[in-house]
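Chemist: With the sequences and hints as input, model every part of the structure.
In order, the protein sequences belong to chains Z and W.
Counting from 1 along the first sequence, just add 11 to a position and that's the residue number in my numbering.
Counting from 1 along the second sequence, just add 11 to a position and that's the residue number in my numbering.
One thing to keep in mind: the hints can contain errors.
The following residues of chain Z were derived to be distant from chain W, with all beta-carbon distances above 10 Å [what the hints assert, rightly or not]:
#1 L21
#2 P46
#3 E59
#4 T74
#5 V78
#6 K99
#7 G167
#8 I171
#9 Q188
#10 D219
#11 S303
#12 Q317
So the derived label-pair ranges between C-beta atoms look like this [unchecked claim]:
#13 Z/Q166 <-> W/R79: 14 to 22 Å
#14 W/D33 <-> Z/L334: 45 to 53 Å
#15 Z/S275 <-> W/G320: 54 to 62 Å
#16 Z/P46 <-> W/G89: 43 to 51 Å
#17 W/D33 <-> Z/N18: 52 to 60 Å
#18 W/S107 <-> Z/R299: 28 to 36 Å
#19 Z/L21 <-> W/S107: 31 to 39 Å
#20 Z/L334 <-> W/S36: 37 to 45 Å
#21 Z/N347 <-> W/D33: 49 to 57 Å
#22 Z/T248 <-> W/L306: 54 to 62 Å
#23 Z/K113 <-> W/S36: 45 to 53 Å
#24 W/G301 <-> Z/T248: 50 to 58 Å
The hints are simulated quantities; they were obtained by calculation from the structure and are not laboratory data.
Backbone N, C-alpha and C fix where the C-beta goes; we use that ideal spot for every residue, glycine too.
2 protein chains.
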Amino acid sequence: MSIYSLNVPLDDRSYEIVIGKDFFSQWQDVPSIQPVLENRTCFVITDENVQKLYLKSVEQCLTNLGVRYLGDYAFLPGEKSKSLSTVKSLYEKMISAGLDRKSIIVALGGGVVGDTAGFAAATYMRGIDYVQIPTSLVAQVDSSVGGKTGIDLDQGKNLIGAFCQPKLVVVDTMVLQTLPIRELVCGLAEVVKYGVILDEVFFSFLEDNVSSILNIDQTVFQTIVRKCCSLKADVVTGDELDQGGRAILNYGHTFGHALEKLTSYTGLTHGEAIAIGMGMAADLAVMRYGGSELLNLVKRQDDLFQAFGLPVKFNKFSPEEILLAMAADKKCIDGNINFVLPEKIGKVVIDSGIEEDLIKQAIGARID
Amino acid sequence: MSIYSLNVPLDDRSYEIVIGKDFFSQWQDVPSIQPVLENRTCFVITDENVQKLYLKSVEQCLTNLGVRYLGDYAFLPGEKSKSLSTVKSLYEKMISAGLDRKSIIVALGGGVVGDTAGFAAATYMRGIDYVQIPTSLVAQVDSSVGGKTGIDLDQGKNLIGAFCQPKLVVVDTMVLQTLPIRELVCGLAEVVKYGVILDEVFFSFLEDNVSSILNIDQTVFQTIVRKCCSLKADVVTGDELDQGGRAILNYGHTFGHALEKLTSYTGLTHGEAIAIGMGMAADLAVMRYGGSELLNLVKRQDDLFQAFGLPVKFNKFSPEEILLAMAADKKCIDGNINFVLPEKIGKVVIDSGIEEDLIKQAIGARID
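Modeler: Structure below.
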């Protein structure tokens, strides 16, 4: 078994991302897992889908590690659970189970579980430790690393939250085999994002491995998860609290969040929304900066998304409606929207003060 | 006008506590206030009592400082408002008012307002800045300094929260003149606490100034607030995240929180509960360590509380009920309760592993 361990260096908030495949039964032999969990009281938070598939195995792992298992709570799967009312239920379960300030939360699931459980951990008794065990691709390559926890309000996604780094992230790529294909594809949108914003070689690797990726080839996914986590860790280390450099990770997200919001978080997956959003951002870059390199980027990005079965266009709502929904996003400072726009594959810039007409034009180009 | 400014040095989270009297109209001339607020968009959180008394003046101050005033929200006064449902309303008002990540919250009120508004600020868009303008004595000498924000659950006080330092604390002791006497006396319990845990000279100062204190003499209160804030700032600087030294501030609170919980946060004020709780803790110290110095401490502490009109005994609930309520407190780690016990006036220790019988005896001695 080959297990890869990657450090996220953040002073006293540093932690390891452990990446392997099919190694649930071997956690107790991994040097970076043992010290975080042994002799702790622990509570697992998951959703009902993941509960059925992996809760028993994880409970066994934790017991093998000498953890005192205080209980678990599984909420309904899906973005709707990422709410204050779920968090309230979690708090009550955590109190009843007897979690104290030294206990540790295990977040077992996709992005919704990780964000919600992370927020509950960040605020329970003014903050207790938590571990991420991401089971969706989007969580493995993106949301489980970096300490952004949060929940949604009716007015928008992730409007409430806290920065709170996990103590450990454990990624088993084998679990991707039980992921519904639409969920896997959703994660691929974030994977493509890393290529566009930071790494052309990685982007080409994705282009060259489309069929292996769709077949969930474990070797290819070990490479993908390691590369994405490594890129994400570098960005997070440079800007833990999202005050500058981290903004590039929002490529496609300002548009994408607006689309998710307009479809009430049910019409599109997060990945579908940001694939379309990255299309809009790339088009906006072409309109603003021009040049054949950017035109080529749009083509390669669209082609790769389509090869993965991701949408690049949309047929609901007007540019005006989408623009209005974007204005409520939390990345909007004092009414001015900051856009992450590509210059070429592997490099993006932050651009603001773009006139509304151009933004609407870029949105319009992606509406069928 | 004499304005005193005290720095709380916490690296990039450092801030000033500005203490003066009747200086609302002069904020714009205070060098440590101006830079925190000027050119910010701002939202004031208060309660309905304080709203009537001071909101207009504060709005004027803020406008004089060049703040863009986005609105305010006043909730019902009292501990019952320190809830998730208040926080939810706050989030919704803050979104509607257009607060973004660069906006600043002004918490204008007592401990409930400060804790709740602080928690809303700590979690809105993963954390925005806030300023404390404490208007109760307990908030001026204790809760507004140190960055502990939080809300209650039905299961106990402050079970949910975050560490999030304010950017500035502005204390005007003149507002104590409009405080209901029971609220003022409530704050005096915390004031006495500082003397017992850290400063015998200050304790004697309080003994020597009982009547001036009850007459709300401004000169005496300038001394009291400066001394308490200075002691609190030292403790917080040494242990920002409550992992050790800060525990001494909980003297009397483990017992006191249990009493507040059992009376549903309505029978006793916080100050009344911790006065009785400090009595229980002092009795427990006598039983555990013995000695005439501790007996003398119990007498002086009781006498001072009674001079202020604070209770030192209680006539409801059995020691068993109180002990059970204490076990749910968040300071209880792995079932073991840590007690802050005095050795002499000005010095306390943390003690744990105390047998239940002795604890019940100490509680029983304070039940009429």
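Chemist: Now tell me, hint by hint, if it's right for this structure.
Modeler: Hint check results:
Residue-level check passed: Z/L21 sits 14 Å from the nearest beta carbon of chain W, beyond 10 Å. For Z/P46, the condition that its CB be more than 10 Å from all CB atoms of chain W holds, with the nearest at approximately 18 Å. At the 10 Å boundary, the C-beta of Z/E59 stays outside the reach of chain W, the nearest C-beta of that chain being 24 Å off. Distance check on Z/T74: its Cβ is at least 18 Å (rounded) from any Cβ of chain W, clearing the 10 Å threshold; non-interface status holds.
Its beta-carbon lying about 13 Å from the closest one in chain W, Z/V78 satisfies the requirement of being farther than 10 Å from that chain. Taking the minimum C-beta to C-beta distance to chain W, about 6 Å, the non-interface status of Z/K99 is violated against the 10 Å cut. Residue placement check: Z/G167 does not keep its beta carbon more than 10 Å from all beta carbons of chain W (closest about 8 Å). Distance to chain W contradicts Z/I171 as a non-interface residue, since its nearest Cβ pair spans about 5 Å, not more than 10 Å.
Every Cβ of chain W is farther than 10 Å from the Cβ of Z/Q188; the closest lies at roughly 33 Å, confirming the non-interface assignment. At roughly 37 Å from the closest C-beta of chain W, the C-beta of Z/D219 stays outside 10 Å, upholding its exclusion from the interface. Separation of Z/S303 from chain W is adequate, the least Cβ-Cβ distance of about 37 Å exceeding the 10 Å criterion. For Z/Q317, the shortest C-beta to C-beta distance to chain W comes to about 34 Å, beyond the 10 Å cut-off, and the non-interface label holds.
At roughly 21 Å, the beta carbons of Z/Q166 and W/R79 sit within the given window of 14 to 22 Å. Against the hinted window of 45 to 53 Å, the Cβ-Cβ separation of W/D33 and Z/L334 comes to about 49 Å, which satisfies the hint. A hinted range of 54 to 62 Å for the beta carbons of Z/S275 and W/G320 is consistent with their spacing of about 56 Å. Between Z/P46 and W/G89 the beta carbons are some 45 Å apart, a value that agrees with the proposed interval 43 to 51 Å.
W/D33 and Z/N18 have their C-beta atoms about 55 Å apart, which keeps the hinted 52 to 60 Å range intact. One distance hint, 28 to 36 Å for the beta-carbon pair W/S107 and Z/R299, holds here, with the actual separation near 32 Å. One distance hint, 31 to 39 Å for the beta-carbon pair Z/L21 and W/S107, holds here, with the actual separation near 35 Å. For the pair Z/L334 and W/S36, the beta carbons lie near 43 Å from each other, so the given range of 37 to 45 Å is met.
Distance hint for Z/N347 and W/D33: a CB-CB separation of about 40 Å, inconsistent with the stated range 49 to 57 Å. Checked against the hint of 54 to 62 Å, the pair Z/T248 and W/L306 passes, with Cβ atoms roughly 57 Å apart. Our hint of 45 to 53 Å for Z/K113 and W/S36 holds, since their Cβ atoms are close to 49 Å apart. About 55 Å separates the C-beta atoms of W/G301 and Z/T248, a value consistent with the hinted range of 50 to 58 Å.
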